[in-house]
Amino acid sequence: MTQLLYLIGGWLGLLVRGAVLLQLLLIALPLLAYRAWALRAKPSLSSWHPVLARLVVIAVLALVALVVARLGMPSGLIGLAAQLLGVWTGLDGLRLLLRRFQPPQEVESYWNRAVLPMYLLLAVAGLLDRVEGLGQLGSIPLLNLFDTNFTLGKFGLFITLPYFLVVLSELPVFLAGTALSRLAGMEMGNRKAFELILRYVLVGIGLLWLANRIGLNGTAIAAIAGGLSVGLGFGIKEVFSNFVSGLWLLFEGSVRPGEILVYEGDPCEVRKLGLRAATLWRDTDNAELVVPNQNFFTATTTTFSGTDTRRRCRVLIGASYRHDPNEVIRVLEATALANSRVLPQPAPQGRLLNYGDSSIDYELYYWIADPLSNGSIASEVRRALWHAFRDNGIEIPFPQRVLHQAPPESEEPEALG
Amino acid sequence: MKRRFQLRLPSAFGSFPALLSLAFLLGGCGARQLRFQTPGNLQILISAGQGSDQLAQASIQKLTSSMVQEFMRVNPGVNLHLRFVNEADVVSTLREKAALGASPDLIITRSAAAAVLASDGLTKASGLEPQQLDPLRIRFLSRFRNGNHFRALPFLLQPNLACYNRRRVPTPPATIAELLVRAESGTLVGLPLAMDELLWTTTGFRAGHPILELLDEPARVEGRKPLGSVERGYVLAWLRWLYRANVNPNIQFLDSSEELVQRLQTRQLDWISCNATAIPRLKRALGKDLAVAVLPGVDEDEPAEPMARLLLISFGRDSTPVQRGLAERFALFVLNDFSQNNLMVRAIGNLPVNQNVIVPVKAAPELAAMERSLEHSIVPNFREGVRIRLLGEPLKQLLKESVYGEQSPEEVLTAIEALALGTSAPQSPASESLPSPSPASTLPEKSFR
Numbered sequence: 001m002t003q004l005l006y007l008i009g010g011w012l013g014l015l016v017r018g019a020v021l022l023q024l025l026l027i028a029l030p031l032l033a034y035r036a037w038a039l040r041a042k043p044s045l046s047s048w049h050p051v052l053a054r055l056v057v058i059a060v061l062a063l064v065a066l067v068v069a070r071l072g073m074p075s076g077l078i079g080l081a082a083q084l085l086g087v088w089t090g091l092d093g094l095r096l097l098l099r100r101f102q103p104p105q106e107v108e109s110y111w112n113r114a115v116l117p118m119y120l121l122l123a124v125a126g127l128l129d130r131v132e133g134l135g136q137l138g139s140i141p142l143l144n145l146f147d148t149n150f151t152l153g154k155f156g157l158f159i160t161l162p163y164f165l166v167v168l169s170e171l172p173v174f175l176a177g178t179a180l181s182r183l184a185g186m187e188m189g190n191r192k193a194f195e196l197i198l199r200y201v202l203v204g205i206g207l208l209w210l211a212n213r214i215g216l217n218g219t220a221i222a223a224i225a226g227g228l229s230v231g232l233g234f235g236i237k238e239v240f241s242n243f244v245s246g247l248w249l250l251f252e253g254s255v256r257p258g259e260i261l262v263y264e265g266d267p268c269e270v271r272k273l274g275l276r277a278a279t280l281w282r283d284t285d286n287a288e289l290v291v292p293n294q295n296f297f298t299a300t301t302t303t304f305s306g307t308d309t310r311r312r313c314r315v316l317i318g319a320s321y322r323h324d325p326n327e328v329i330r331v332l333e334a335t336a337l338a339n340s341r342v343l344p345q346p347a348p349q350g351r352l353l354n355y356g357d358s359s360i361d362y363e364l365y366y367w368i369a370d371p372l373s374n375g376s377i378a379s380e381v382r383r384a385l386w387h388a389f390r391d392n393g394i395e396i397p398f399p400q401r402v403l404h405q406a407p408p409e410s411e412e413p414e415a416l417g
Numbered sequence: 418m419k420r421r422f423q424l425r426l427p428s429a430f431g432s433f434p435a436l437l438s439l440a441f442l443l444g445g446c447g448a449r450q451l452r453f454q455t456p457g458n459l460q461i462l463i464s465a466g467q468g469s470d471q472l473a474q475a476s477i478q479k480l481t482s483s484m485v486q487e488f489m490r491v492n493p494g495v496n497l498h499l500r501f502v503n504e505a506d507v508v509s510t511l512r513e514k515a516a517l518g519a520s521p522d523l524i525i526t527r528s529a530a531a532a533v534l535a536s537d538g539l540t541k542a543s544g545l546e547p548q549q550l551d552p553l554r555i556r557f558l559s560r561f562r563n564g565n566h567f568r569a570l571p572f573l574l575q576p577n578l579a580c581y582n583r584r585r586v587p588t589p590p591a592t593i594a595e596l597l598v599r600a601e602s603g604t605l606v607g608l609p610l611a612m613d614e615l616l617w618t619t620t621g622f623r624a625g626h627p628i629l630e631l632l633d634e635p636a637r638v639e640g641r642k643p644l645g646s647v648e649r650g651y652v653l654a655w656l657r658w659l660y661r662a663n664v665n666p667n668i669q670f671l672d673s674s675e676e677l678v679q680r681l682q683t684r685q686l687d688w689i690s691c692n693a694t695a696i697p698r699l700k701r702a703l704g705k706d707l708a709v710a711v712l713p714g715v716d717e718d719e720p721a722e723p724m725a726r727l728l729l730i731s732f733g734r735d736s737t738p739v740q741r742g743l744a745e746r747f748a749l750f751v752l753n754d755f756s757q758n759n760l761m762v763r764a765i766g767n768l769p770v771n772q773n774v775i776v777p778v779k780a781a782p783e784l785a786a787m788e789r790s791l792e793h794s795i796v797p798n799f800r801e802g803v804r805i806r807l808l809g810e811p812l813k814q815l816l817k818e819s820v821y822g823e824q825s826p827e828e829v830l831t832a833i834e835a836l837a838l839g840t841s842a843p844q845s846p847a848s849e850s851l852p853s854p855s856p857a858s859t860l861p862e863k864s865f866r
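Each protein sequence line maps, in turn, to chains A and L.
Our numbering numbers the first residue of the first sequence as 1 and each following residue consecutively.
Our numbering numbers the first residue of the second sequence as 418 and each following residue consecutively.
Wrong hints could be hidden among the right ones.
[Claimed, not checked] Each pair of labels, with its calculated beta carbon distance range:
no., chain 1, residue 1, chain 2, residue 2, range
1, A, Asn-212, L, Gly-742, 31 to 39 Å
2, L, Asp-706, A, Asn-212, 56 to 64 Å
3, A, Pro-43, L, Val-491, 52 to 60 Å
4, A, Leu-52, L, Ser-482, 36 to 44 Å
5, A, Pro-43, L, Ser-482, 49 to 57 Å
Quick caveat, the hints were computed from the structure, so don't treat them as lab data.
Heads up, the beta-carbon is just placed ideally off N, CA and C, and yes, glycines get one too.
The shape of chain L in the complex, shown without the other chains (with noise of 0.2 Å):
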């Protein structure tokens, strides 16, 4: 009497295998197309930030996406197909994708989270020979190199700096004794609280590099060895210095990047420090009252020493070799003369890693200022600045719990100790999507510096 569309199990699941069957035969077919005819599709993962930082997202999204235009229209019949993700997924997204034997083949990230991608053995060392790459002169090449291969490949470096409202701050302050001076006077200054963006202001108090130690050294981190005396009095000279800034009214600590920026934009600050990929948007906020120039360090001839990013490129473990091929042949397009000059003149924020191309200094001042800068910062590779990246959120609730006078100096040098060691859980309230695996998994077996 009543005829209603439905629809009938037995039919349904048996078309399952029929399906599976068409991909099968899909699958084979196109194996035989891209073996005979067309050179194929290719899967590129693209991470450069995750949750608040947006900017770094953002700019690098845009820049690939133009690379990926270009190499197709001198490539024709490639395919590549971009996924982004944030930070804090790619490692779980990478770990499903491998399960499936479905990995991409060409992964950009950041150095942390490549550096657990790496050690997790879900990325390939490179198959490109040194003498491939020796023309392009590739800076930080060598932090990389395991054996005659690398195990990634740096892409491009996005410093950070000092942005500032150029009419409320005529120049930049020079030291972090200026800053808080200007501080006082009625500047208003932002300050984040992510310990690899701070970790400049430890340049005056010798803490950088302790802290960096504690982190990653696997001599102290498996040993379980705290910091030595000198070193503690380095880190808690640094740490009281944080209090007594926060209490000035005119320094705000905030939790992101991305809220310091939006500060800026709004003019509700009037100096931040920030990564160079903000500038595009900051300038597009505050034209020419946009400036920037680098931290403030000891003195003029001592700046400080911020941690730079590096984004870089890995290789998938699951692809064809065909698949591998094309993969390692976008990823010397992306480092060519060309490609790098054009990622660094087309968003102002990135600094190429090729040697080859000359960065227009006297043309550009924000390009000086990010050269300058990044030639006294650290730069992150697969031992040096990867916890740093990985305990970042447990880090900056101690450190937001040191600047509120919540915990003593001491109490935090403990804890941040303590977390570095594994001696404790973090007491974090929300601690970051990226895994932080044992100290001993995150490190690769051998230093590549």
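One chain only, chain A, in its complex shape (with noise of 0.2 Å):
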């Protein structure tokens, strides 16, 4: 650590050069010129001005990198700023059209969480490498654990590598999913399922080599999985048993993202299917519900989309005991079947149920395909048939209660006398 410090006052040895700091302050010039028209013009981030402005300032600088080179005085740093702001023009040039082909939520989110960081990673390790040289970087030692010297390298890559393996892999993963589905004609469920095994696989390959890179001690490791083992009989062995689980559903198949699952008595749609719990999506009230894996590993779980996705759908009305059973199954089947979100096969079917106090009591059935459509799709019907059952006739019956007053009791005589 003391030599990362003396190494890092070293370049103050370079800052008092006037060369250097000339050449900071007509790098900071246009910046700040951007920077104020930026916070002037607010531009939104779907504009592309903030692009034109940007290609001004790299302009600026490749000229007074020019100028200052034919003075005969050192322009690299200019050249280098110009350098970094062209490609991160050329990246933001890129996003600005990806948000016209896909889902601009998506972008952003993706851009901001991998893109943005990777470009401030490689930009900064680029100009290091340029002061400084990487490698010579890399190699000051920082502590020593596990009897593995951690260099600078070591613990650079320790702490990015596993964010950059997670949020990178996003991509080629989704790349990769999308052909194969393509190309096998993979259901979504599968599909996703796939996308978070080979996910998994990647971080796993990825935390190996990283393991291997910073040359951890193999006793080290296996005494930090004997320490795990003792935690896992204890205190984290929820935590094990729902990654278990997870897995273990993943090959399964019975809940994977894109899932339509009963939870609680509502159905939801699995969104993810995470080390540790998966996430649903109730969409009675739009919650995300984070289910633990264990749950679904224990306890019975009622899936709308095992082996088709079809629902079976029921609703219950009542007809005077005065109209003809058969022509109320007929309106009842025909009203169903009216409604464009029913399926006609397996067709409408309607039962008598029951002969109530104050009606016939009957039931129809009917098939949906969007298994979380139920509720908006049971209200259709129940107003066709409301409409149906006037126009045909048909009296819904509700209970009466009569209340009947006895009659006041008459005076009593007065007494005599």
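Assemble the dimeric complex from its two separately framed chains, guided by the hints.
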């Protein structure tokens, strides 16, 4: 650590040089001008104006670099700044183009999580390489852990690689999933499972490579694993159990992203199956439920997307005793069929359910394609039935209560006397 | 609904000028501090070898690091920052740094790299006056003089020697003929394929100076004049000798000096040609079995003429006057009697350039052999011994083809001439990374011999 601070202190020796200071000043001026413009104009994320403004800044920097070089002074820093800004502007242009073809939110999300950090990392690494040499910088020892000498380079890898492994693996895995889905006609659920497993594999290989690269001592790893196994027995067994459950569910295919499950009485869509928990989306209140994987592993799961995604729905209704049940059932089935979201096959089916106190009770069965739309379709069918009954003169009776009041008792004769 | 940590584009980009301004302010404060309070920071770049030549690199790293500590002890407040690079990368590294205005204040390299740096304007002549250096009586200093200044200052000498296993070779061969006889009788001999390290074998054939002139003499190189018939005869005789030597199964030609040292360490070889910087490492492995001697020549009165290594101190071109002053103070410090004596004693393999330092030849037989080798050595300067190093890889490839009979000596000599005069591209699988600019550009306008 002392060596690192000492090295950083050494850069002050470069910052006192007139040539370096002049270059920094000449870089800062156009960038500050750009910043001032951006603060005033407040361009939106989808605007091309910042790209154009940055192109102007790059042109100014290139011109300044040329003039400074002509004067026989070092201009490498200005050139480097122009290059870095050029690369960033190019990337920003690409982002704006991608927004036209992909959902902007997804583009921005991936951009901010992956591209921008990666760019900043590479830019800083490039600058440090020019100034100090990454090899030299990376070999600075920081600490000794488990008989492994942790250098600055290893430490840098250790803190950055896992993040970029997780974030950057997203895109290639998605592309591989899309390609496979098109080539092999893979279903959405299978595709999501494939993508997730591929991502785990990539991240796992990356972490193993990292462990090997930083030279983690095998004995130390064994000791950590030993400690973990004790920890598994006590504190983190739930975490481990959830992780194993998640992997098992993926292979089993019962809870995969895209599946429709009934959870706590409500149909939900599986959005994500993570290492510890699954994320479900409930459409009734647009809530996301984070459910530990172990719950699905140990409890019964009702799914609407196991072998097929059709759902059988039921509506109850009553009609007066004076109507012919055959006629009522015909109206029920015809009304259901008239709804475009009700599947024609299997055909809707009306049944006489019971002779009730004030009505004959019927039930209507019909099939729908989207299990999550049950509530709205049922409402449509019920409304249509009201109109159909009215048009066919069928009465929907309801229990009536007649109250009879007893006549008041005659007044007692007044006492004689 | 979901909240993630995200970098915001405008803010990240917007902070860039702010950071630059901070750097500018820091620099300004640093400058003020440097001027009024502390002497400041000094960047030193060291390149003493390359690739396989790790021995010299390691040796010089250790020595200069200790020198730096001592200099900082006597100059509190001064911070010296060392950076080590391979000889192959030194020119490109300096070019990159000079483009940024961040070239080091002081550079320690071998003479070939120093010559390229000087001719490319990447280093500046020393501001030290001859009268400041006179008391130090520096060997070979005059070769680098340019008017009242010096384009570089000699720092350390590392001569080439014969290193051998005393158990297997009780007395060293005195002549090259004797070396062959010993090899025929079972002594395992290792020779390098690098031209500058193998040059000592040309002594008996008078081929050394023709080769050096072919590579370095400006009139010959610029006039594209190949060797004369007599000189060709000398070189051809030497190339034929190399081929015949390789026919002997006990003589091995190896690609790198590192490999030779490793094989002597593991007793796979009995006698090798090595640089003095390998002595400490060989001593650790072989103990008292290690012995060193001058390389065998024509006869006892005419020893071999090897090419010694000379490390030079050059000065960066972007330093502030304060930094330049500090760099010159450091240069004077490492050249003074105390430091040069320490450099010689702390790691055997380096001879001082300061003639006030007495080399204890009686106490240390290794130093005696080094001193004797140096008496007959060719010490490179900015005019001689530059391109033999810059063209090291293609020349090595041609020598390899010669000793393995891939090409006849005549073909190899023609190829060497073409390479030296720049009339054909070298057919090398891996050309060395040190640039090989046009002959004229590597050589300074004036001779400093």
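Here's how the hints hold up against the structure:
1. Checked against the hint of 31 to 39 Å, the C-beta distance between A:Asn-212 and L:Gly-742 comes to roughly 48 Å, which is inconsistent with it.
2. The given range of 56 to 64 Å is broken by L:Asp-706 and A:Asn-212, whose C-beta atoms sit roughly 39 Å from each other.
3. Range check, A:Pro-43 to L:Val-491: about 58 Å between beta-carbon atoms, so the 52 to 60 Å window is met.
4. For the pair A:Leu-52 and L:Ser-482, the supplied restraint of 36 to 44 Å is violated, since their beta-carbon distance comes to about 52 Å.
5. Look at A:Pro-43 against L:Ser-482: about 53 Å separates their beta carbons, and that is inside 49 to 57 Å.
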